[in-house]
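Based on the sequences and whatever the hints tell you, model everything.
Residue numbers (the numbering used here), protein chains in the order written: chain A, 5 to 120; chain B, 5 to 120.
Calculated from the structure, these hints are not laboratory results. Some hints here could point you the wrong way.
For chains that are exact copies, the list does not tell them apart, and a pair is met inside one copy or across any two.
Claimed, not checked - Dumping the calculated EDC-like pairs for lysine to aspartate or glutamate here, alpha-carbon to alpha-carbon at most 16 Å:
(1) Lys-87 <-> Glu-28
(2) Lys-10 <-> Asp-80
(3) Lys-106 <-> Glu-74
(4) Lys-100 <-> Asp-25
(5) Lys-106 <-> Asp-80
(6) Lys-100 <-> Asp-80
(7) Lys-106 <-> Asp-82
(8) Lys-89 <-> Asp-25
(9) Lys-89 <-> Glu-64
(10) Lys-10 <-> Glu-113
(11) Lys-14 <-> Glu-38
(12) Lys-10 <-> Glu-74
(13) Lys-89 <-> Glu-113
(14) Lys-89 <-> Glu-48
(15) Lys-89 <-> Glu-74
(16) Lys-100 <-> Asp-23
(17) Lys-89 <-> Asp-23
Values in this document were obtained by computation on a predicted structure and should not be read as measured data.
Number of protein chains: 2
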Amino acid sequence: MGNNLKFNEKGLIPAIVQDADTGEVLMLGYMNEESIRLTLSSGEVWFYSRSRQELWHKGETSGNRLIVRELWKDCDSDSILVKAKPLGPACHTGNKTCFFQKLTRQDIETSHQEEA
Amino acid sequence: MGNNLKFNEKGLIPAIVQDADTGEVLMLGYMNEESIRLTLSSGEVWFYSRSRQELWHKGETSGNRLIVRELWKDCDSDSILVKAKPLGPACHTGNKTCFFQKLTRQDIETSHQEEA
Numbered sequence: 005m006g007n008n009l010k011f012n013e014k015g016l017i018p019a020i021v022q023d024a025d026t027g028e029v030l031m032l033g034y035m036n037e038e039s040i041r042l043t044l045s046s047g048e049v050w051f052y053s054r055s056r057q058e059l060w061h062k063g064e065t066s067g068n069r070l071i072v073r074e075l076w077k078d079c080d081s082d083s084i085l086v087k088a089k090p091l092g093p094a095c096h097t098g099n100k101t102c103f104f105q106k107l108t109r110q111d112i113e114t115s116h117q118e119e120a
Numbered sequence: 005m006g007n008n009l010k011f012n013e014k015g016l017i018p019a020i021v022q023d024a025d026t027g028e029v030l031m032l033g034y035m036n037e038e039s040i041r042l043t044l045s046s047g048e049v050w051f052y053s054r055s056r057q058e059l060w061h062k063g064e065t066s067g068n069r070l071i072v073r074e075l076w077k078d079c080d081s082d083s084i085l086v087k088a089k090p091l092g093p094a095c096h097t098g099n100k101t102c103f104f105q106k107l108t109r110q111d112i113e114t115s116h117q118e119e120a
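If you want it as structure tokens, here you go:
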């Protein structure tokens with residue numbers, strides 16, 4: 005069926021989290037099927053941590069959990085948009101959003117210097 | 005350097021596109037280093053098409069190009085947020101956004117039925 009979610013070769017699908025009230029994009033995480041199931045049943049965002057290779061209840065330790073308002077999938081069913089109410093800063097740095105650094109030409113140039 | 009962009013094993017990095025005026029999340033695409041360079045130099049969004057395996061100037065054919073306002077990277081430097089002005093519907097279906105379908109328990113249950 006064309007409507008099924010498409011997971012990548014690692015069984016993951018990228019999930020964008022957006023603040024449901026302000027519209028601010030907070031972070032991009034990855035979900036596997038089980039974390040989607042937990043997100044749907046608990047009403048809080050669960051990811052799959054690629055570094056720790058385990059299910060990750062966002063904010064479980066910090067308290068900065070993400071309360072789900074709406075879940076959307078895209079036209080190709082290979083990415084997810086979560087509209088959520090954040091209970092605190094979404095970023096582990098303490099920033100409200102993980103997107104707090106501008107991307108500049110420097111970001112590309114630097115990687116070239118490393119190759120030299 | 006910790007600030008360098010981190011591309012995945014296919015040389016790609018996910019890029020969220022958000023309408024700079026309305027805050028609406030429009031789509032998720034993938035960029036390689038060259039498409040980031042083209043995006044920075046042209047001021048319009050270039051992706052790398054995973055299906056066609058080629059650089060993809062978003063909206064080149066349809067005219068629905070994305071004019072870049074701001075480019076951000078996340079705390080881990082492994083995802084990008086593009087704030088852009090869309091010249092038309094971002095989705096190939098004609099919808100303003102690719103995220104026009106709700107994600108429900110059905111999306112998970114269906115894939116289980118297929119395994120049966």
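Hint check results:
no.: 1; hint: Lys-87 <-> Glu-28; in the structure: both (10 Å within a copy, 11 Å between copies)
no.: 2; hint: Lys-10 <-> Asp-80; in the structure: within (8 Å within a copy, 24 Å between copies)
no.: 3; hint: Lys-106 <-> Glu-74; in the structure: between (28 Å within a copy, 8 Å between copies)
no.: 4; hint: Lys-100 <-> Asp-25; in the structure: within (13 Å within a copy, 20 Å between copies)
no.: 5; hint: Lys-106 <-> Asp-80; in the structure: between (29 Å within a copy, 13 Å between copies)
no.: 6; hint: Lys-100 <-> Asp-80; in the structure: between (29 Å within a copy, 15 Å between copies)
no.: 7; hint: Lys-106 <-> Asp-82; in the structure: between (26 Å within a copy, 13 Å between copies)
no.: 8; hint: Lys-89 <-> Asp-25; in the structure: within (7 Å within a copy, 21 Å between copies)
no.: 9; hint: Lys-89 <-> Glu-64; in the structure: within (15 Å within a copy, 36 Å between copies)
no.: 10; hint: Lys-10 <-> Glu-113; in the structure: between (34 Å within a copy, 13 Å between copies)
no.: 11; hint: Lys-14 <-> Glu-38; in the structure: within (13 Å within a copy, 25 Å between copies)
no.: 12; hint: Lys-10 <-> Glu-74; in the structure: neither (19 Å within a copy, 29 Å between copies)
no.: 13; hint: Lys-89 <-> Glu-113; in the structure: neither (37 Å within a copy, 26 Å between copies)
no.: 14; hint: Lys-89 <-> Glu-48; in the structure: within (9 Å within a copy, 31 Å between copies)
no.: 15; hint: Lys-89 <-> Glu-74; in the structure: within (10 Å within a copy, 24 Å between copies)
no.: 16; hint: Lys-100 <-> Asp-23; in the structure: within (10 Å within a copy, 19 Å between copies)
no.: 17; hint: Lys-89 <-> Asp-23; in the structure: within (6 Å within a copy, 20 Å between copies)
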